[in-house]
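J.: If you want the building blocks of each chain, they are given just below.
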Amino acid sequence: MTGTRFKPTPTPSAPTRIRLRPVWRRRIAFLAAAVTIAVLPLLFTDAYWRTNLIVCALNVMLALGLDFVLGYAGQLNLGQSAFYGLGAYASTLLITKAGIPFWIAFAGAVAFSCLAGVVLSLFAIRLRGHYLAIASLGFAVITYQILLNWISLTQGPLGIYAIAPPPAVTLPGVPVIDFHNLANLLYLVAGFALMSYLLLDQLIRSPIGETLTAIREDEVSAASLGINCRVWKVFAFGVSSTVAGAAGCFYASFVGTLVPDAFFVTESFTILAMVVVGGMGTLIGPVCGAILLTVLPEFLRNIGDLRLVVYGVAVTLVVLFMPGGLVEAARLASARLGRLARRGIAQ
Amino acid sequence: MTTGRSRDPISATPKAGVLLRVQGLHKSFGGVHAVRDISLAIAQGAIFAVIGPNGAGKSTLLNLLSGIYRPDAGSIVLDGIDLTGLSAHRRVRHGIARTFQKIRLFRRLSAVENVVAGFHIHHDIPLWQYVVHAPAFRRDHARCREEAARLLAFVGLAHRAHAPAGSLSYGEQRMLEIARALATAPRLLMVDEPAAGLNAAEVETLLDRLQALRRSGITLCIVEHNMDLVMKIADWIFVIDYGQYLFEGAPAEVQAHAGVIDAYLGGQPQ
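Chain order of the listed sequences is A and B.
Counted from 1, the first sequence has number 296 at position 296 by our numbering; the numbering is strictly sequential.
Counted from 1, the second sequence has number 156 at position 156 by our numbering; the numbering is strictly sequential.
Hints are not guaranteed to be accurate.
As the list claims (entries may be wrong) - Restraint-style ranges between C-beta atoms, simulated for each label pair:
| id | chain 1 | residue 1 | chain 2 | residue 2 | range |
| --- | --- | --- | --- | --- | --- |
| 1 | A | 36 | B | 216 | 13 to 23 Å |
| 2 | B | 185 | A | 231 | 50 to 60 Å |
| 3 | B | 37 | A | 131 | 47 to 57 Å |
| 4 | B | 135 | A | 151 | 30 to 40 Å |
| 5 | A | 30 | B | 72 | 53 to 63 Å |
Stated by the list, open to error - Examples of chain A residues lying across from chain B (beta carbon under 7 Å, computed):
| id | residue |
| --- | --- |
| 6 | 201 |
| 7 | 204 |
| 8 | 207 |
| 9 | 213 |
| 10 | 226 |
| 11 | 302 |
| 12 | 334 |
In case anyone wonders, no lab produced these hints; they're calculated from the structure.
Quantities reported herein were computed from a predicted structural model and do not represent experimental measurements.
Don't be surprised by glycine CBs; every beta carbon is placed ideally from N, CA and C.
So that you can see chain B by itself, here it is in the shape it has in the complex:
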């Protein structure tokens, strides 16, 4: 099923080396094959996009990669570390972070508290200082607030730091989810439909921020519906339909591929 690939994804990307390698991934829900025999390689430092029509299994794939679902078969390896059997919270420690298609912020916490919660795995406080707040605690606290302020400024939310996350606009909430995920200091950031519900100006900001992240060395995996956005920023595009591999290649190749147009438009290309 995965035969006939056009080219090796690695050669098409700026830096060589595979960060995440997925082999023969399979997941079914009560007889429905949501993801069937998917194999892919995400290159270090690249922007890797997964596209496909509604219900193609994009979000299931992302949930398998982030550990919310366990695969029925297949393996997920991040830079030599086998993540397949690890639960979601353990994968974060190996450098995987994600955002959600349906926004899942801590609505009653402020924006800055949402980001601080993202530092969970990076606190450096001796156990007793959780009870008696001594210098090491205060250093950690100051560092977290500083870092959080920096991340909020990065996504353009510095002025909203103390607003409850639930009171932010839709676009702001999407950006806050990215800031929160960045707080875990990921090597691979996976964003699930980041442009859904954003207006044109917000999409521009989003594109700019994602490119800034790539420049800072973070590998990105974008699951997206918005073809324009994907064509603009992705280095490599992976197309799935009905949970299966359909095609992969550089944006120009994907655009020209008849099967992809078919899957998207559900009709015959001209």
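Extracted from the complex, chain A is given alone in its bound form:
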């Protein structure tokens, strides 16, 4: 830890900082996030940026889901692209083939990808570290191949077209909320991303947070405290794949077309990059990482597939020089600024 060697001497002239109770800090942060989401479509009026923002929100959900299982429970899951794809295909097929209303199909698809996560983890749970990573990567490859080759069901590389957005919502007293309008769709998806954040935050601040981090730090030790590591790893996988499945449902209805290539295994690595660059084991980290790694490559559009190089370089730099990611970098920077400020006041 930094800054423990030299304790700054308290100076009487230093202004007393107002310390808020954590509950209130969280409420204010939540309010700020909600307001930010509310004004985003007003700041970005063109379809191009609104589309990007919706992709941002989807990636935030995917990264948050992965962080729960990777950053907290410590299990390297490279199957996130598969759960994303399963959510997207399950909801679309339920709507188009079975004629089920959107929100019921949504619930079904989320339950299905949760189940897929639980089943995968039941098989993969004995594996650790690299072996788990390889097994989950294998799952992502198999899922991709099934989506690609089960043509009678998924239409394979031809894709499924003309997927409708979620049905319009009619509330008394307000104009009809139509999700053909990108601003409304952005509110919907960003709202779900915010809810995912809140849900995971609540879970992590409950004793489940300590339980999962205990497993991440040392499984033998965790077992010696009565923690059933298997059950909790399956739980973490289930939560992670549930969030990814929800993102998948929105992806399908937002893009309108579905091809297996959207859920190729590189997507798993992109999500991993977002979590690592942002900061594993924090919730705000993956949010920052997802936004940064979605928006940044848009500025580098003309370099085409070279943007994958950008991901690679970003991850390498972070792992080498700032293992805590953006969150850790910000913490160090603010600590340094604080020290400078105090020194300035003292003089």
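Based on these hints, arrange chain B on the given structure of chain A.
T.: Chain B in isolation, oriented as in the chain A frame:
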């Protein structure tokens, strides 16, 4: 192999009654017999010590008792409950806790978080309150923090509550492991070489804390290398060598026993 015991361990201890009874325990690793036909009885409320030279199988025995290893043969019964087939995390619910010879704290968590993780089996929160933190959740949270603070104070780490466990000194880490194990509210606490790497003052504190635990009714099983420490606090000493029973008795008897001196010094007693 287990014949010729000097006395019944129960009669030598303050309170009668066996808490943990082990019979014919056997464990081998690829032809090496790490533990061979060990039978022992730990009396309720006693400080029971297992000693033996390096590689005698002390830690293997402890791993068998705590459920990290499964025995090849034999049985482990805690107050009438057969633990033999139970996994480590289930045994904790029956009241077994342990510390590790090679410290295994959650290094990146703070001291207090390490202890709170130890409350895992004692949370009393309705399922839905894990998502919506209502009064029952807040009561549980407050109770855990309070309890954790009490345990940290007990082992003398109140001032280090928010330091990452990995940043604590060696001695502090050993004490934190004891606090974490105590959070599970054990009936039998097993400590693996608690004095290893401690300085003289820290050993004194450790002795004092272990005795305080015994007074509070917790049965202790100490695996230890440090003979002085064992002689000072143990009620009953169990000596093993080459994975086998060698001798058991009260400290004075063990001290006088020629075989024990032999095993330790590897030579002829004067």
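J.: Each of the hints needs a verdict: does it hold here or not?
T.: Hints, one by one, checked against the model:
Evaluation of the 13 to 23 Å hint for residue 36 (chain A) and residue 216 (chain B) yields a failure: the beta carbon distance comes to about 53 Å. Under the hint 50 to 60 Å, the C-beta atoms of residue 185 (chain B) and residue 231 (chain A), about 21 Å apart, miss the expected range. For residue 37 (chain B) and residue 131 (chain A), the hinted distance range of 47 to 57 Å is not satisfied, since their beta carbons lie about 37 Å from each other. Between residue 135 (chain B) and residue 151 (chain A) the beta carbons are some 55 Å apart, a value that contradicts the proposed interval 30 to 40 Å.
For the hinted restraint 53 to 63 Å between residue 30 (chain A) and residue 72 (chain B), the CB-CB distance of approximately 56 Å keeps it satisfied. Annotation: interface hint on residue 201 (chain A) violated; nearest CB of chain B at approximately 10 Å, more than 7 Å. Contact between residue 204 (chain A) and chain B, as hinted, is not supported at the beta carbon level, the nearest pair being about 10 Å apart and thus beyond 7 Å. For residue 207 (chain A), the suggested interface contact is upheld, since its CB lies about 5 Å from the closest CB of chain B, less than 7 Å.
A least Cβ separation of about 6 Å between residue 213 (chain A) and chain B falls short of the 7 Å threshold, and the interface hint therefore holds. The beta carbon of residue 226 (chain A) comes within 3 Å of a beta carbon in chain B, closer than 7 Å, and the hint placing it at the interface holds. For residue 302 (chain A), the suggested interface contact is broken, since its CB lies about 42 Å from the closest CB of chain B, more than 7 Å. Residue-level restraint check for residue 334 (chain A) is violated (minimum Cβ-Cβ distance to chain B is 18 Å; threshold 7 Å).
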